[in-house]
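Numbering follows this note's numbering, with no gaps: position 93 of the sequence shown is 93.
Take every hint as true, because none was put in to throw you off.
EDC-like, lysine to aspartate or glutamate: derived pairs with alpha carbons at most 20 Å apart:
no.: 1; residue 1: LYS224; residue 2: ASP245
no.: 2; residue 1: LYS43; residue 2: ASP284
no.: 3; residue 1: LYS139; residue 2: ASP245
Simulated from the structure, these hints should not be mistaken for laboratory data.
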Amino acid sequence: MRAWRLHDYGQPLRLEECALAQPGPGEARVRVAAASVNPIDWKLSAGLLRGVFEPQLPRVLGRDCAGTVDAVGPGVTEFAPGDEIAGVADMARDGTHAECCVLPAAQAARRPANVPPDAAAALGVAGVSAYIALVEVAKITSGVHLLVHAGAGGVGSLALQIGRQLGAEVSTTCSAANADYCRSLGAHHVIDYTAEDFATLRGFDAVLDTVGGAVHERSAAVLKPGGTLVWLAAAPFDAMPGRNDVRVVRADVRCTADRLATLLEWAARGTLRVPVETRIPFADAPRGYALSRTGHARGKIVILT
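Sequences and hints are given; from them, build the entire structure.
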């Protein structure tokens with residue numbers, strides 16, 4: 001099979017012929033139809049996570065995908081060869097930016113027939129991140145005021161819809177060029193971060209921070225007492241927000257079959273639009289890394305195998 005492999009941090013990925021991985025206990029091997037690009041991919045490639053996570057090189061990157069099962073390991077009863085599934089790879093193994101990959105069955109779910117592979121692939125990391133942050137950590141319910149940072153991004157574009165579906169009044173930060181896009185995804189209010197200072201606002205019950213840095217440090221100010229600031233790993237920040245009357249929680253993002261199945265069901269019902277805005281041929285996969293690294297990609301980037 002062919003795979004994009006990282007040999008040295010900060011160096012270009014190489015498209016190479018690799019041995020076909022064999023599924024171990026609890027694993028399924030998938031012929032990849034589509035795999036998404038997530039910020040962790042270019043961060044790993046650039047060496048920005050050294051000291052935090054340093055996989056043995058060479059390594060195939062890529063976290064999530066959708067495709068067809070062609071083999072299963074011992075103990076796998078959920079899937080059989082020929083099944084169409086989506087899932088997230090184990091961080092300890094090669095990833096999904098390849099023609100075939102191995103997925104833990106516990107991190108995969110069947111792909112509904114009316115959810116195309118590119119959409120299903122885009123839900124494994126970004127969708128589950130938004131789901132855990134809003135449903136399980138912030139516990140969004142009807143009538144709460146929610147602020148989602150970077151609503152036009154991969155996680156944000158899904159979080160806007162999930163927040164709206166849960167009944168929240170949803171605000172988001174974005175550029176003026178993305179204002180209508182964010183409204184189309186469910187935002188009631190948009191804040192142009194190039195012209196307005198979100199930190200002057202007040203009255204939010206919850207904030208989802210996908211940006212980090214100064215945005216993180218200033219986000220607690222907009223919360224009501226008792227509110228929740230939930231954050232995902234992004235740009236580093238120097239200090240935690242200095243309030244003791246709010247919760248500041250990092251979402252522990254772990255894909256599980258039930259979480260992913262819920263998101264795929266929402267997509268199948270049409271209540272969740274998976275915003276795949278950029279599709280890239282497998283042979284041009286590094287372009288997806290470069291686009292993600294700009295920090296201004298709209299929606300999700302997906303590599304088509």
